[in-house]
Every structure is written in C-alpha cells, then in structure tokens.
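**Student:** Take the sequences, apply the hints, and build the full model.
The numbering of the sequence shown is my numbering, which starts it at 5 and goes up by one.
These are calculated hints, taken from the structure and not from any lab test. Please note that a few of the clues may not be correct.
As the list claims (entries may be wrong) - In silico DSBU-like links for lysine-lysine, alpha-carbon gap of 35 Å or less:
no., residue 1, residue 2
1, K156, K111
2, K337, K354
3, K245, K181
As the list claims (entries may be wrong) - Label-pair restraints from in silico Cβ distances:
no., residue 1, residue 2, range
4, F169, D431, 27 to 33 Å
5, K288, K444, 32 to 38 Å
6, L312, S214, 34 to 40 Å
7, G422, G480, 35 to 41 Å
Note that the Cβ used here is the ideal one computed from N, Cα and C, for glycine as well.
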Amino acid sequence: MATLQEPGKKDVRQRGHSAIDFKSATTGVAAKTMRNELNRMVSNVEDAQKKKSFEAQMQSFFLLFNRFLTERAKGEKIDWEKINPPKPEQVRPYAVLDNVDPSILNKLAVLKLNGGLGTTMGCVGPKSIIEVREGMTFLDLSVRQIEHLNEKYNVNVPFILMNSFNTDEDTARIIQKYQNHNINILTFNQSRYPRVDKESLLPCPDNVDSDKANWYPPGHGDIFDALTNSGLLDKLIAAGKEYIFISNVDNLGAVVDLNIMQTMIDAQAEYVMEVTDKTKADVKGGTIIDYDGKARLLEVAQVPKDHLDEFCSTRKFKIFNTNNIWCNLKAIKRVMDEDALSLEIIVNNKVTDKGQAVIQLETAIGAAIKHFDSAIGINVPRSRFLPVKSCSDLLLIKSKLYNLEHGVLTMDKSREFGGTPVVKLGDQFKKVANFEKRFKSIPNITELDHLTVAGDVSFGKGVRLAGTCIIVANEGNKIMIPDGTNLENKLITGNLSIIDH
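**Tutor:** Structure, rendered in structure tokens:
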C-alpha cells in the first residue's frame, strides 16, 4: 500500500528553547496521527482510479497540514519592516497598445473559478447560474464573450471551468446547452480536502465517501495542484496554449483584454496580477508589496493588529488585487515540477451545523506571485473589477448604468466619469427571489450617488432615484414607492414622510 510521504524533519532542539521543543514534539505527533488517518482512508478505497486521485489529493493536503503545524509552532509572521510599496517596475500602468495582433489569442485559454454556491444570495446550486442581466446567467455571459471573441478574430480560445465537488454535477448538466455554440468548454475539479477538528486536529471524515459537510474546497490557490493532477495543464501545453487568464466567475468586468496579454508577452512576465486603485470600499483587499526585492501579495489576515490602520489606508497601499490573474502555462509546469509552490496558508475557522469547531486550510492564487519570474502587477481601470457578491451589486448590474453587448458590460457614457453609486440594500433584499419581488422594474439610477434601503420597502415601475436617497421602513411599517416616483436627495421614513436630504 502506498503511504503518504512525511516531509523532512528539522532539528529544532539546536535553538535551545523549551517552548519550541514542546511545540515541535506536539506538531510531530499531530502530523503522524493525521498521516495515519489519511493512509487508512486511502487504503479503504477499492476502485483503482478513484484511489489514485484520492491519494494525490490527500498527499497535497497532508503537505499543507504539516506546513500549517510547523508554521504555527514557530510562530512565524511577516516582518513589517521589510514591507515597502511596490517598485515602478513591479506594477505597471494599463496601456492601450497600437497594432496588437489578435492571433496571439490562439495561445490563450480562459478559466473561470466556478466552485462557489449561490447560498449567500439565497440560491440553490452554483452561483454561476444566477440570472444577472436580461435573462442571462454569469455563465451565459462568459460563454457569449468567448464565443464572440472566437468569431470576431477567427481564433480558438477554450473556456475552462474549475468546479468544486459542490458545483460539478450541476455544472456538467447546465453546460450541455452550449453544445451547438462556437466554443470548446473544458471542466475539471479543484481538490476536495478534509475539514479538521479544531481540538483533536484529526480529519472530520472517516472514509472517502463521508458526508459532504466533512469536506471543503481549499481556495483558489489550489488551482495549480488541480490543473496539474487533472492532466489538463499538460493537455493545454500540448495543444499549443501558452497563457491562461483566470478570474472569478462573478466578476463581470474580467473580460479578455489584448492590451494586457500583449504587455505580458512584451515584458516576458510569467505571472500578471491585475490591480486597481483602492477606494474606501476596498480597504481590506490584498495588495502587491515589495518584500526583500520581490513582488508579493499581502493579505489583511497577515497584517499585525498594530499595523491594520496603515494597511487599510490609501496613503501607503494604494492598490488592491482584483483576482484577475494571467499565467504562463509552461512556467506553472516548471514551478509544479520543482515542487516549489509554498502559498501562505489561510486558516478559516468554521462551526458546523452540529456545533463542531473545525478549521479549513486554504490558499489564494494571488500568493503565487512570488514564485514566478518577472511577475508584475498591471494597474487596470476599475471597470475590470465588477464583482456581484450581493443583491446590492445586482441592482447596479441590472440597471441602465451598464450597456450589454456580446456578454460584455460597459458603463453608460452618461455616467463614465461619475463612478459607481454606493448601494446598500437591507436584509429583506438579501435573497434574489425577494429582491425580484420588491422591484416591479429596476429604477433609473444613472444620476444616483448613494442609496440605502432598510426594512419592508418595495418599488413600483418607472421609479427614478438621484443624488442621495435613504429609505427606511421602521419595524411594523411598510413603504411602497409608487409607480413613476421621482426621488432626488430624499429621506423617507416609516411614516411615509418625504424630507429633502
């Protein structure tokens, strides 16, 4: 029986610190116990192909778990004194280039991260199947974009979905409707890792087929392992693909951009992270830093508490990561073959429905920037960061603020220099079904600056909102904004009084 390999041990006793010795011994026991449990689960898998895949995933998980234990014992943290804003050559401005040859698209593959569910917006199944505009889902818009790209430039850009065990079955069924489209759709699954009991540090599942609640998808940093283990990385390279553009499926601004691709080629960059200027709404977003002369991603979870204000300000850290990533496929293969990938671990504490405290060890794709040669950031327009995380975002996307053509959303010219309005819808609008019931039609918000809605509020047809509008129905009260209402700089409270704001 194949067993999981134990990483090489280091003699920590030379440091002469009893606390470190104790932690190291405890770490060794926890690692050995975990390894034994994982080996037992692997040995009980009967199907040979299933066993091979499961063993590869458990080996990757064990390496991550062992690194988590080691780092926790050492108490290693980032050295704040070594952190500096990125150098000019590390983050370049977005440039519109002349005479870009669209045939470079034949070297490109596009990948969407499709592992998330729509539960936070009150939907069942993959988030990518939520309708966002004119009856089209996130997935429909992405497919239309790539299909148009292939038709316009007579190229063959494959469209790839990285699913999770939560979304794989539904996605396989849904994508059948695109069979007659001019697009090659490929799918693969990210890894499935066992949740870990916080107290015992043992895996929650006891066999490969254990309940779904005992497993988790380990973040988008897993893409490199998953691409490699699925065999898709080698297939793409064999098909002549050299670059891959990766983004979240719910970021409607993440469309293929020839200028960025050509900049990457000209700079001979193996990795490009799209960043954009930070606003007050983005204070917790990860940012590119210079650390020991190399570009790295700094996430809020890594920041010491006494430096949080500095991190969240825009004085020192002016940009944040959009999670639109471009990678050289052969560079990914080299890094994986060299077993060089060591992404910062995100410890996600959860409590299960049964009240069990568990931890999920996750990684982020942005953290990989330090492993690639000539890695750069490109400071892109805000229009390339258009995520839909809530129904407040959905209101913006469904409105006439944006025009839709070939699956691509662009800001209406009447609003180009005004920025995006701030919209805050209350809990009654949290679920998509409730959101749709409360709007007979989407209001005209082309002149809106700020909208806050709280309580039992509904909107009629043809409503116009401009300036700053605050609508609050107190508990037990109900507000219905009549058809054709024109509100500009108004405060509306539970007694239906309208006050100039």
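**Student:** Would you mind marking each hint as holding or not holding in the structure?
**Tutor:** Structure-based check of each hint:
1. K156 / K111: holds (16 Å)
2. K337 / K354: Holds: K337 and K354 sit about 33 Å apart, inside 35 Å.
3. K245 / K181: holds (26 Å)
4. F169 / D431: 27 to 33 Å: holds (30 Å)
5. K288 / K444: 32 to 38 Å: holds (35 Å)
6. L312 / S214: 34 to 40 Å: holds (38 Å)
7. G422 / G480: 35 to 41 Å: holds (37 Å)
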